Every structure is written in structure tokens, then in C-alpha cells.
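One-letter residues, chain by chain:
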Amino acid sequence: MTALVLLDHEGGQIRKAALSAVAAATKLGDVHVLVTGDASVAQAAASIAGVGKVLHAADARYAHDLAEPLAALVASLAGGYDHIVAAAGAFGKNVLPRAAALLDVQPIPDVISIESADTFVRPIYAGNALATVRSSDAKKLLTIRSAAFDAAAAEGGSATIETLSAVDSPEVSRFEGVQLSTSDRPELESARVVVSGGRGMQSEEKFHTLDPLADVLGAALGASRAAVDSGFVPNECQVGQTGKIVAPDLYMAFGISGAIQHLAGMKDSRVIVAVNKDPDAPIFQVADYGIVGDLFEVVPQLVDALKK
Amino acid sequence: MKILVPVKRVVDYNIKPRVKADGSGVETAGVKMSMNPFDEIAVEEAVRLREKGAASEVVVVSVGVQQAQDTLRTAMAMGADRAILVLSDESPEPLAVAKVLKKLVEKEEPSLVILGKQAIDDDMNATGQMLAGFLGWGQGTFASKVELVDGRARVSREVDGGTEEVSLALPAIITADLRLNEPRYASLPNIMKAKKKPLETVQAADLGVDMTPRLTVVSVAEPAERKAGIKLDSVAELVEKLRNEAKVI
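Line by line, the protein sequences give chains A and B. Using my numbering, the first residue of the first sequence is number -15, and each one after it goes up by one. Using my numbering, the first residue of the second sequence is number 2, and each one after it goes up by one.
In isolation and in its complexed conformation, chain A is listed as follows (with noise of 0.2 Å):
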């Protein structure tokens, strides 16, 4: 049996998320992997370890992700696939389900566990529930958790490349423009440590009292709802049901009350701390070690003490 993963990719660099789609479908069968946009993102992608083949949509039209062109293009591969995996991230999430509708087949998203060929677990209601489900579509398409899968190494592979002519599509949609907002830290989805501020932060401005304290840690900086509701930080900070799904070595907690919301996106972090004012915030059912007290005391002694 063999896998197509869809492989997304920024600036020319291969996501994380992706390459734990490809991990995850090691676990199906032999992998290709169909890559869009610059040819070198097509050679990086040749390299990672597992692929069998890289498929290479070169045409300007696959340039920008757009899901119309794109989902065509993929249903018209589907015939020498068994399963189609993308990462469950915003390009997986909105190009695949359209090419499952393409090939009248369900979509099942977020698998954190691969049973067999046919049968995935994923988390149903802000993660509160885990199902099983078994698939009878003749093709499965999924999206992959990707904090539930070791991400494929990067390198050690020597795949072939083909480079795809472009299928018809309706041009129903047209590329305007991207504002990605620019860090010098880690990604969220893969970074180590990560440091997350809720309503307690108060304003933007004291929002930056985390700053320090992930300069030490080499941490991503993460928000819940109310802190990115209120403008504190941009959304692509949220973690949770609704933002980024996130499982660290270490999640800290600032000013979070642990919403079920917010503790569906981080409560599969190794190690959790949560500083909160309130003895009886949720946060602290979930959090290995907690701190009942002022964050704006805390961080600054937490800085201090891990700079010795």
C-alpha cells in the first residue's frame, strides 16, 4: 500500500507538522509526498528519510496553496493511492476535506493513533472524548495530529522527483497577498518550551513580561483565547481547540484559567506549570507543579533563578 502526503511548507522551508504527516504515514505503507511551489522545496523534500517518491506540482497555479486547484489536483492522484495524509494544520484542514468531497469519501481529522489501515483514533469534543472509528471508504484521507508523531527525519532520504502537469480546475479563486507576522522564536507546534500568557497578562504591553522569560528557556511564546481577544498578542498565539494543538517537553502557564477549550490544544504536554492567583482555577488539575501567586512577582523570580 502506498501513502500520498501532502507537504506544506513556508519560505521555502518544510513545516515540522509536515514531517510527522510523513511519519505518521510510514505506519500505512510506502510514502510519496506532493510538494507545490519552488523546485528546491521539492529537493529538500527528496531528502527526507521514508519518501519513495516526491510528486512536484511546478505549475504557478499550485504557487500559493490555493485549496480549488489544488483539491482537483489531488483527487486526480488519488487513483494509485490507498490513503491521503496531510498535517492538521490550516493548509491540510482546507485543502483535503474539498478533495474528499471530490472522491466522495469522509475525511477523518486530527488522528493522533494509526490502529491499522482502516481504523484511527481522533479526539472528539475539545478532547474531552477519544474515538475509535473505522473507515468503509475505499480511500482514506486523513489529517495527522502532529504533536501525537514523531516528526521523519529531514535528511537520509534520496527520492525521485516528478514534476506534475497541471489538471484542470474551475478558477473560482484568486491569490491576494499574506501577512505573516515575524519571530525569532521557535515554532509553537515544535517548540521545546512553551511559554503562554492568558487574561491575567492584562495589557499588551505587560504581556512582554513573558519576553525574558522565553529568551531563557528558548521557548515559543503562546496566548489563550482571552489574551488574543484582547488583543494582546496575534491569533496565531492561540493555542487550543480552535488555535494550534500542542504537546511540549514543558507548557507554562501564565494568568490561564484552564478553560476546556484552551486545555484541549496543550494538555498532552509532558510537564505543565501553571501560575495563577486563584487556588481553584482549573489550570491546576492538569498542572504537574503550580504556584498560587502574582505572575508579575513570579516570572521575574523564575527568570532570575534560571539564569543561575
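Bear in mind the hints are in silico, worked out from the structure with no lab data behind them. Keep in mind that this is a model prediction, so the values were computed, not measured. Using N, Cα and C, we set each Cβ at its ideal position, and we do this for glycine too. Just so you know, not all the hints are guaranteed correct.
Straight-line distance between alpha carbons at most 30 Å, and here's what the computed DSS-like set of lysine-lysine pairs gives [said to hold, decoys possible]:
hint: 1; chain 1: B; residue 1: Lys232; chain 2: A; residue 2: Lys190
hint: 2; chain 1: B; residue 1: Lys242; chain 2: A; residue 2: Lys292
hint: 3; chain 1: A; residue 1: Lys123; chain 2: B; residue 2: Lys104
hint: 4; chain 1: A; residue 1: Lys123; chain 2: B; residue 2: Lys103
hint: 5; chain 1: A; residue 1: Lys190; chain 2: A; residue 2: Lys291
hint: 6; chain 1: A; residue 1: Lys11; chain 2: A; residue 2: Lys190
hint: 7; chain 1: A; residue 1: Lys261; chain 2: B; residue 2: Lys232
hint: 8; chain 1: A; residue 1: Lys190; chain 2: B; residue 2: Lys146
hint: 9; chain 1: B; residue 1: Lys104; chain 2: B; residue 2: Lys146
hint: 10; chain 1: B; residue 1: Lys146; chain 2: B; residue 2: Lys242
Covered stretches of chain B, going by a simulated chain A footprint (3 or more residues, C-beta under 8 Å) [unchecked claim]:
hint: 11; region: 16 to 24
hint: 12; region: 173 to 184
hint: 13; region: 188 to 196
hint: 14; region: 207 to 217
One side of the interface only, derived from the structure: several residues of chain A facing chain B at Cβ under 7 Å [said to hold, decoys possible]:
hint: 15; residue: Asp121
hint: 16; residue: Phe159
hint: 17; residue: Gly215
Knowing the structure of chain A, use the given hints to seat chain B on it.
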């Protein structure tokens, strides 16, 4: 132009779901149900477009059990003009729902369908994309801003690294993200008025759509509980634990 807004009745987002003892699913009997929060945002956006004069009619539709009419009444109290209830089993799969919606789109001929980006019960995030695929329409998923200009929809989308803008030919599909708007509360007079608005009921079977699920639920289980943690008195203690006990720094 007409806007169609599909809405779903789900377990209220404030309720902590309980897995049934027999592992067959999540308990929904006797549990408070509400409109899926993302669908409230979709209804709000449609109503705002009508209030701005960009749309002439907002039609809401739900696919599910009889009680979903309460959800439709809520949407009409928010400002939707009329409703269609497609009766089926509880919580059909996105594939089946998208097929039902395609039939309704062919009948109602809306210029825009606005859905929530995902339902908070099955967390699928698929129906809007699948409907767009079935119709061959453009899709603006995870929308945080929608503008109608020169016969096209310009949509800001929330993507992993920031915000992307796409322009879609109409008719088109849009799925609402949290930041698209703040949904209004229905006022009491509007709740009363909504009771008089038209609500049409059709049987899913009459639309000629095969509702058979493709996914069999083998089991539903509680996730592993985290071990109870400890509260510490000082930062020094915390750093010591992280270094020597948890070994994460």
C-alpha cells in the same frame, strides 16, 4: 442576493462532556444544547451583510433531529429571515450534511453560503470545504474578515503563520473563524418575532441523499487522566523540580 447559513445544534460549549459508560459515545440526553458557537458567528456575519444592504435575505438551515428547530429559532431571533430543517438522525457526518446542503443550494440558489469553521462536538472542520468541492465554488475558510467588492468576496483567512487574503468569484463558500465578529444576543421582542417567521421542514430521505455513515464508531473513551500535580510555595522549589525531578530544563 441571498445568503444561506447552515447551523448545528451541539452540546453547549460550557458543558464538560461525559463519555457514556458503554463507550458508545458522549452523553447528550438531558444535556444543555445550544447553537455551535462558530455558527453564531456565521449567522451574525450574514445578518450584518443584510443590514449593510449587501444581501436581501438570510436563510438558515439545520440538518438533524426535530429539536434543532430551537437552534433555527435562535438564528431567526438574531435576524435570519426564514429557516429550513432537514430531519435526519442525530449528528450525520459532514459528507452527508454537505450533500444535503448541495441539494438546498441548488433549490435556493444563494450567492453566498456562510458556515462555522468547525462544530465543537465532532471537531471535524470539513463541511464547508466539502460543500465547496461538491459545488465547484471557491472557498474562503477560517475567515476573519469578509468584504463584498465588485461582485467578488474578499476574505482574510487565518493561516498558521499569519493572515492570508483571497478573492472569490460569487457564488462562494465562507467558513467563519472566531475573530470574524462578535455575535449579538437575541432580544426578547426578537425572540417573540422569530416564533412567527417561517420554518419549513423536509425529510433528508426526500432529498435523495444517502445518509449512511462511512465511519463506524468502534468506541469512545475518556482520555488518559493526568496525574494530580502539586502546588509549590516558591520559585526556587519550582526550578529545582523542573531541573531535577521533571528534567525538562
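Outcome of the hint check:
| no. | hint | in the structure |
| --- | --- | --- |
| 1 | Lys232(B) with Lys190(A) | holds (25 Å) |
| 2 | Lys242(B) with Lys292(A) | holds (15 Å) |
| 3 | Lys123(A) with Lys104(B) | holds (25 Å) |
| 4 | Lys123(A) with Lys103(B) | holds (22 Å) |
| 5 | Lys190(A) with Lys291(A) | holds (21 Å) |
| 6 | Lys11(A) with Lys190(A) | violated (45 Å) |
| 7 | Lys261(A) with Lys232(B) | holds (12 Å) |
| 8 | Lys190(A) with Lys146(B) | holds (28 Å) |
| 9 | Lys104(B) with Lys146(B) | holds (28 Å) |
| 10 | Lys146(B) with Lys242(B) | violated (45 Å) |
| 11 | 16 to 24 | holds (count 3) |
| 12 | 173 to 184 | holds (count 4) |
| 13 | 188 to 196 | violated (count 0) |
| 14 | 207 to 217 | holds (count 4) |
| 15 | Asp121 | holds (5 Å) |
| 16 | Phe159 | holds (6 Å) |
| 17 | Gly215 | violated (11 Å) |
Taken one by one, the earlier hints fail for this structure at numbers 6, 10, 13, 17, listed in ascending order.
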